[in-house]
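K.L.:
Here's the letter readout for the chains.
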Amino acid sequence: MTAGGDTAEGRPETAAPAAIELRGISKAFGPVQANKDIDLRVPKGSIHGIIGENGAGKSTLMSILYGFYKPDAGEILVNGQPLTIADSQSAIRAGIGMVFQHFKLVQNFTVLENVILGVEDGRLLRPSLAKARGVLKQLAAEYGLNVDPDETIEELSVGHQQRVEILKALYRQADILILDEPTGVLTPAEADHLFRILRGLKAEGKTIILITHKLREIMEITDNVSVMRRGEMVASVRTAETSAEQLAELMVGRKVLLNVAKAPARPGAPVLEVRELKMVDDEGVERLRGIGFDIRAGEILGIAGVSGNGQTQLLEILGGYPEKGSTLSGAIRLNGRDLPLSGGGCNAAERRRQGIGHIPEDRQVEGLIMDFTAWENVAFGYHHAPEYNRGWLMDNAAIRDDAEGKMERFDVRPRDAALAARNFSGGNQQKIVVAREIERNPDLLLIGQPTRGVDIGAIEFIHKRIVELRDAGKAVLLVSVELDEIMSLADRILVMFDGRIMGERLPHQATTGDLGCLMAGVDPATTAPEDAIPPAHKHVEELPGESA
Amino acid sequence: MDKMPKWADVILTPLISLILAMAISALVILAIGESPWEALTTMVDGALGSSYGWGFTLYYTTNFIFTGLAVMVAYHASLFNIGGEGQAAMGGLGVALVLLYLPLPHWALALPAAMVGAALFGAAWALIPAWLQAKRGSHIVITTIMFNFIAAAALNYVLVNLLRPVGSMDPASARFPPATHLPKLSEMAAGIGLDWGRNTPVNVTFFVAIAACLLVWLLIWRTRLGYEIRALGRSEPGALYAGINPVRIIVIAMLVSGGLAGLMAINNVMGESERLVLNAVEGAGFIGIAVALMGRNHPFGVFLAALLFGFLYQGGGELALWTSIPRELIVVIQALVILFTGALDNMVRMPLERIFLAMRKRGRA
Numbered sequence: 001m002t003a004g005g006d007t008a009e010g011r012p013e014t015a016a017p018a019a020i021e022l023r024g025i026s027k028a029f030g031p032v033q034a035n036k037d038i039d040l041r042v043p044k045g046s047i048h049g050i051i052g053e054n055g056a057g058k059s060t061l062m063s064i065l066y067g068f069y070k071p072d073a074g075e076i077l078v079n080g081q082p083l084t085i086a087d088s089q090s091a092i093r094a095g096i097g098m099v100f101q102h103f104k105l106v107q108n109f110t111v112l113e114n115v116i117l118g119v120e121d122g123r124l125l126r127p128s129l130a131k132a133r134g135v136l137k138q139l140a141a142e143y144g145l146n147v148d149p150d151e152t153i154e155e156l157s158v159g160h161q162q163r164v165e166i167l168k169a170l171y172r173q174a175d176i177l178i179l180d181e182p183t184g185v186l187t188p189a190e191a192d193h194l195f196r197i198l199r200g201l202k203a204e205g206k207t208i209i210l211i212t213h214k215l216r217e218i219m220e221i222t223d224n225v226s227v228m229r230r231g232e233m234v235a236s237v238r239t240a241e242t243s244a245e246q247l248a249e250l251m252v253g254r255k256v257l258l259n260v261a262k263a264p265a266r267p268g269a270p271v272l273e274v275r276e277l278k279m280v281d282d283e284g285v286e287r288l289r290g291i292g293f294d295i296r297a298g299e300i301l302g303i304a305g306v307s308g309n310g311q312t313q314l315l316e317i318l319g320g321y322p323e324k325g326s327t328l329s330g331a332i333r334l335n336g337r338d339l340p341l342s343g344g345g346c347n348a349a350e351r352r353r354q355g356i357g358h359i360p361e362d363r364q365v366e367g368l369i370m371d372f373t374a375w376e377n378v379a380f381g382y383h384h385a386p387e388y389n390r391g392w393l394m395d396n397a398a399i400r401d402d403a404e405g406k407m408e409r410f411d412v413r414p415r416d417a418a419l420a421a422r423n424f425s426g427g428n429q430q431k432i433v434v435a436r437e438i439e440r441n442p443d444l445l446l447i448g449q450p451t452r453g454v455d456i457g458a459i460e461f462i463h464k465r466i467v468e469l470r471d472a473g474k475a476v477l478l479v480s481v482e483l484d485e486i487m488s489l490a491d492r493i494l495v496m497f498d499g500r501i502m503g504e505r506l507p508h509q510a511t512t513g514d515l516g517c518l519m520a521g522v523d524p525a526t527t528a529p530e531d532a533i534p535p536a537h538k539h540v541e542e543l544p545g546e547s548a
Numbered sequence: 001m002d003k004m005p006k007w008a009d010v011i012l013t014p015l016i017s018l019i020l021a022m023a024i025s026a027l028v029i030l031a032i033g034e035s036p037w038e039a040l041t042t043m044v045d046g047a048l049g050s051s052y053g054w055g056f057t058l059y060y061t062t063n064f065i066f067t068g069l070a071v072m073v074a075y076h077a078s079l080f081n082i083g084g085e086g087q088a089a090m091g092g093l094g095v096a097l098v099l100l101y102l103p104l105p106h107w108a109l110a111l112p113a114a115m116v117g118a119a120l121f122g123a124a125w126a127l128i129p130a131w132l133q134a135k136r137g138s139h140i141v142i143t144t145i146m147f148n149f150i151a152a153a154a155l156n157y158v159l160v161n162l163l164r165p166v167g168s169m170d171p172a173s174a175r176f177p178p179a180t181h182l183p184k185l186s187e188m189a190a191g192i193g194l195d196w197g198r199n200t201p202v203n204v205t206f207f208v209a210i211a212a213c214l215l216v217w218l219l220i221w222r223t224r225l226g227y228e229i230r231a232l233g234r235s236e237p238g239a240l241y242a243g244i245n246p247v248r249i250i251v252i253a254m255l256v257s258g259g260l261a262g263l264m265a266i267n268n269v270m271g272e273s274e275r276l277v278l279n280a281v282e283g284a285g286f287i288g289i290a291v292a293l294m295g296r297n298h299p300f301g302v303f304l305a306a307l308l309f310g311f312l313y314q315g316g317g318e319l320a321l322w323t324s325i326p327r328e329l330i331v332v333i334q335a336l337v338i339l340f341t342g343a344l345d346n347m348v349r350m351p352l353e354r355i356f357l358a359m360r361k362r363g364r365a
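Here the protein sequences line up with chains A and B, keeping their order.
Residue 437 in my numbering sits at position 437 of the first sequence, and the numbers go up by one each step.
Residue 107 in my numbering sits at position 107 of the second sequence, and the numbers go up by one each step.
Hints were generated in silico from the structure; no laboratory data involved.
Yeah, the Cβ is synthetic: ideal placement off N, Cα and C, and Gly gets one too.
Don't take every hint at face value.
[Unchecked claim] Capping the alpha-carbon separation at 27 angstroms, the derived lysine-lysine pairs in DSS-like fashion look like this: (1) A:Lys104 with A:Lys137; (2) A:Lys36 with A:Lys214; (3) B:Lys135 with A:Lys278; (4) A:Lys214 with A:Lys262; (5) A:Lys324 with B:Lys135; (6) A:Lys104 with A:Lys202.
[As the list claims (entries may be wrong)] Which bits of chain B does chain A cover? Going by a derived footprint, with three or more residues having C-beta under 8 angstroms, they are: (7) 225-238; (8) 242-250.
[As the list claims (entries may be wrong)] Now the in silico label distances, taken between C-beta atoms and shown as ranges: (9) A:Arg337 with B:Lys6: 46 to 56 angstroms; (10) A:Gly344 with B:Trp217: 30 to 40 angstroms; (11) A:Gln81 with B:Ala23: 42 to 52 angstroms; (12) A:Ala385 with B:Val332: 47 to 57 angstroms; (13) B:Lys6 with A:Gly290: 50 to 60 angstroms; (14) B:Lys6 with A:Asp72: 26 to 36 angstroms; (15) A:Gly74 with B:Pro237: 33 to 43 angstroms; (16) B:Trp217 with A:Ala398: 16 to 26 angstroms; (17) B:Pro237 with A:Glu151: 27 to 37 angstroms; (18) A:Val285 with B:Val28: 56 to 66 angstroms.
Isolated chain B (complex conformation) (with noise of 0.2 angstroms):
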């Protein structure tokens, strides 16, 4: 029998984290002579308040619905993929190699083709580690946090001195061709007549993650490959007991998880800058793994995550904006929640499953 309902599990958890959270960061801003209240209307107004603050809200949650489904798959398998990072800024060179050496006439065909390459660019950074853990047993944590430095490194030497336009000082890939430009959900809106999020930069990828999530879905519980991994990480020798080649599970499992990090790029890279810029990432990679946390690693919790974070980080910025907050608050604010819900999980959840336990026992007595 399960400890909690369901709804306790998947809701009340995560939205317990969330209010401690809320409430520690209150006492922070408090402690600094703000007020709270002040700064959570900022946020909320920010980021919900207007459609401008959506389309920000919404095109950060694009970028963290790509990075959770990484970390969620791999951590079906068992695997920590920290690496969202470091596959998803090689994901953006995909994006940049497609865009600026094929000849695309249209965005309707270029965005498959960048997919193709940023998944391809993600997952190939992904290979390695997969490799080394699943042939040599080095650690993927380990691994994948070592590919992120080299990853950074090489883009920088690729920007610098591949990709950078004869005569620029910005270590940034020239501008992708205008034909390639994928339409923002600002300019589809105007399109059927509506005054929906100007000048914001969420784009067409929304759906293409939202298509993601159910992909995902699909391959983990519904496909032979899905069964395969979640029997691998749950038990080794039962995988080796039914026939499942861990080598292979552990392998297509980070290549996935690579290329759906890769895909990332799609939104910040094609979408957004529409050339390819040092940092491009800026974070969101670390940020998936709290999604997948606290999504509870499924892929409907990966999308409402994804929308928490995209909120905070929109709202975030506002506060600096129009508050003397100062910048480093916000990011103290963020890491309470990533803290809360992820890593202190259990903090919340044991005592609830106690709590319900109790409920049970006297609802029975």
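Okay, chain A solo, but in the shape it has when bound (with noise of 0.2 angstroms):
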């Protein structure tokens, strides 16, 4: 099959008028084409998966569709009736609702305030509250869409407040369901919930519209799929007739290797052990209760679990920079070493001397200054380095001519140094991060969402290449949310839960089901203690077993 070839004509749905269509929808950012002539045809009562990599227009097509953006050019058609959709409520009386990747919640308002607000009846508020209650009832019961309505938003579990999400949108009488990225925070116990909601309102005749780059819940869920590449509509297809590397081949354009191809791990000595490590933040709330664990070089040790969970502040801890006003207890000892927890010799310059090398969690935030210029970037964390100064001044043009030569190996596109990093793509963006901590050779390197938001030909890259400082010896520590990264690319893994670890599995033993129990706080063997779920966490209950 050749991109483009497969049309929504060449599809048997054809007879009814589909719930929605697109003819030849364009839209450009200035000098950014981010959707060009994009037909789709979404029939009723389907569920549609729209897949494609960053920066592929999805969002844009998405966000024309509720009203944020007015297409240049193209019309939308809702059953059959051509429409302008000019604001987001123009878009909700036509039956379109939107779930947001970010949910768009009042955090301190409860369930039933959420869900009926916009959308009062009259300037007293007990009449709506009491018409939502009942319908809310009846949702409940007939999706599994089950929510204290009583409960704050803030109270709630992340799947929840999605549901909270969905539920506005149904009770605002959408037939036709957007969801964006929607399992992006969830458990896979949580996202499989989310897919029986799904199944139930698709039983109910609403239309589902499923974005996401994961290619195994458009496999698992969708009936059609359609893929964008660089704003374009490369192909439409009937989910059953394709296959998860052929849809991968399309988003990119070219081959794809999913699974990462490395040969087993020789691990050596011992390089980085933790110790018995515990983390209490300034609020007093201990966010790391005792972690041990030890990396030896030649490996990957993967830590899964929900974000949240204490990730972010051991690599913090790791990198030398922990929360301002948090008390450390317990050892870090980096090639037999013991490295500080506090004080002077506890900074990330000092332990990038000590050689580890950090991928942050964020590079918009942390790994990258986005307003410097990409050679900027390369020096960055680096910038006392003898090679990029000279006496009393930096020496730029040396670390040009660095920021070149990395571009130029690990394909960084554009390939202009003085180009300001906000001005690449999330890919390009992670690949300067990348360049610049793995070509410093680190004995250690540790790793946060090395792929959030990075499109999957350059996902390829960097697994490619954190594989390779493996094979060269190197000790590196992934954490990631993505359960897929993890099982393809870690020798080892670590699930944690609430600031402890749930347990280590193999990657070619584990399954999805039993690392998404120890996610969810619940060790399959020996069943967790009760007081090791804190009471934020109560509403992470939903176990594969539960019934809807």
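Once you've looked at the hints, go ahead and assemble the two chains, each given alone in its own frame, into the complex.
P.N.:
If you want it as structure tokens, here you go:
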């Protein structure tokens, strides 16, 4: 099959009017053509996946559908009727509901208050609240959308917050539901539950558009899938007739290795030893509750877990910059030498000198200075290195040369070292960070979410480089919320939950379900004691066996 | 890709702001029944029409360069130093103490010594707000404003009770020794047989100010310290990740900033009045904020903006002298320029960016 060969006309469901039909939608932002002549047909009562790399134009397309942007050209048909969607209000009137990646909920309002926000029936809240309570009850029974209507949002787990977003859309009588990267923040069990809800909605005749970059999800739940690449819709196919490999190829435009090809690890001596590491933050919350592990030379240790369970703190502590006002105890040893946990010797510059490289979780806030040029960023953290300096002044020419070499070797595009970091795509930004940290040849490389917001082509490249570093006999600590990434890259897997290590698995033995249990704080082998689950996490209760 | 070409960002935007400010000023002058054209020619004539006018314009420019650079350096560390006024006043005290109590035989020796005094006192006055910001998170805008008042009051006390010569009724220090007199540019011109700017206060400090522009440029864009200041100013988490100590950088940036503001005293205290008087700074510390904003936080821009404000100051003075436009209105004109070039920068910038984007799109299509 060739890209673009299969268009909507090739499919059988053409008889009834589609729930949504887009014809020739184009949208440009300045010189960037975000959407180019997009055709899309989403049949009523189906789950339609939209997949594409970062910056392929998925979000722009959905924003047009939801009235945030006005298309430069093209037309939108909802249930066969041409429609101008000027703002989100008219999208809602047309029966379109949107669940954003970052929820738009008022944290200190209750579920009920959030649901009626903006659609109150009158000046008094009581009647609206009573009506909403009834509707919510009915929706909960119908679709398994159980949420306590009187709980405030901040008390809810991420999975439940997402259900509130779905409830909001349904309360506004949405027939067409758009979900933008809905599983990014969910545990596998929560994701499964979400999919059950979506199937229920589909059975009731609702139409669902699912935007994601996770091929596994597309294959699991969608009926049809459309692939976007560089602003164009390159293919629309029936999910049953395609494969993950084929979709990946369509997305990137070339063959992609989804699984990292790597030889078995040959671990050497321990490089990093962590013992009984505890951390209490400035609000007195215990973020790490006694962590211990080793990483050997030539091995990748993966740490899986839902974000917010202490991984960030662990990376910061190892990187030499624990949160301000926190108290630490325990020990960290690098190559047999103790590293200080506080005081003057505990800073990121010192850790770099000791041979610890760090690809941080958030490249835009930590790893790069977005206003700096690419070459200035190549020196970031290493700006005291002798080769970057000449006496009192920085040797900008030398840094530039080095940056150009790194951009060449790591295929950073565009290859313009004078361009500000913010003008690179996510994947290319990450490549700048990866090049900087890996080419220092650190004994230990800390990696947080290496491929968050990075396109598939760059993911493959970054994974390869990480494995190369391992094969060169270096130790790698990989923290990721992407289970697929951990399972394909790590030589050993630890699962973190609530500041503890819930268990260790080997990737070829581990199953998603097994790891999912650990991520939710339950050890399937030796069920964790009740007090291991603090109140804030009480809502993480969906286990694979739970009935909806 | 940048939204606008660099020249539009650096030159066109402030120019349009300036024209807008002038247009509104013209309306105000019309409203009180005077001629805007006459006002403009009076200002240009008075500030730029003669070497006498230039002598004053460049004197004010020198003041504003120092305070503008002070605001600029702090700004790169994302610190809004509003305390230039107090730091410059304290710099004056440093100059006075050095010149009154150290026997310095020649201005060439007195100048570096007084510079050290000025910079040290200015920096010291910035140290406490810097420390409070770095360690306790007390907002630097609040603390530096308060330190302006403290500086004014403290200087008042020192002048009246400690530095005032016996028998004098004037709250001012004694005159500095004649040996420490800084050469005026007019005297230097006379030395090579030129009659330029007689009886004007502009002096060698003008060259010090230009050197300061170059040094600040080197500091911010060519040294590790400048790199760390800029990195911290844009992302504190990023700075921590890179091993940059925020406390250290905040304190150093404010010390440099305060030192630069203090150096202004070389011009007005040592170069012009040759003794320390009350209110010697005359608001130059605040003008520095507008100068830095308009100069896009670049030393070259600061130089140009300082020149503009020097012109406004001198031209405004001439306006009060030769027309019946009241003095207060001159402040209104200066305020309008500050408002448009500084505070309302985005009002001009954003439409311009849109125009450039549209033009680019059409060029492509």
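K.L.:
Lys6 (chain B) and Asp72 (chain A), beta-carbon distance inside 26 to 36 angstroms?
P.N.:
holds, 28 angstroms
K.L.:
Take a look at whether the Cβ-Cβ distance between Ala385 (chain A) and Val332 (chain B) falls inside 47 to 57 angstroms.
P.N.:
About 54 angstroms separates the Cβ atoms of Ala385 (chain A) and Val332 (chain B), which means 47 to 57 angstroms holds.
K.L.:
With respect to the beta-carbon atoms only, verify the hint that Trp217 (chain B) and Ala398 (chain A) lie 16 to 26 angstroms apart.
P.N.:
holds, 20 angstroms
K.L.:
Would the hint linking Lys104 (chain A) and Lys137 (chain A) be met if the CA-CA limit is 27 angstroms?
P.N.:
holds, 22 angstroms
K.L.:
Looking only at beta-carbon atoms, does the pair Lys6 (chain B), Gly290 (chain A) fall within the given range of 50 to 60 angstroms?
P.N.:
holds, 55 angstroms
K.L.:
Does the Cβ-Cβ separation between Gly74 (chain A) and Pro237 (chain B) fall within 33 to 43 angstroms?
P.N.:
Check passed, 41 angstroms falls within 33 to 43 angstroms.
K.L.:
Please work out if Lys214 (chain A) and Lys262 (chain A) have their alpha carbons no farther apart than 27 angstroms.
P.N.:
holds, 22 angstroms
K.L.:
Do Val285 (chain A) and Val28 (chain B) keep their Cβ atoms within the hinted range of 56 to 66 angstroms?
P.N.:
holds, 58 angstroms
K.L.:
Given the range 42 to 52 angstroms, decide if the beta-carbon distance of Gln81 (chain A) to Ala23 (chain B) lies inside it.
P.N.:
Given a distance of about 51 angstroms, which is inside 42 to 52 angstroms, the answer is holds.
K.L.:
Lys324 (chain A) and Lys135 (chain B): Cα distance at most 27 angstroms?
P.N.:
holds, 11 angstroms
K.L.:
How does the Cβ-Cβ distance of Arg337 (chain A) and Lys6 (chain B) compare with 46 to 56 angstroms: does it lie in that range?
P.N.:
holds, 49 angstroms
K.L.:
Taking 30 to 40 angstroms as the stated bounds, is the beta-carbon spacing between Gly344 (chain A) and Trp217 (chain B) within them?
P.N.:
holds, 32 angstroms
The structure fails none of the hints (numbered hints given earlier).
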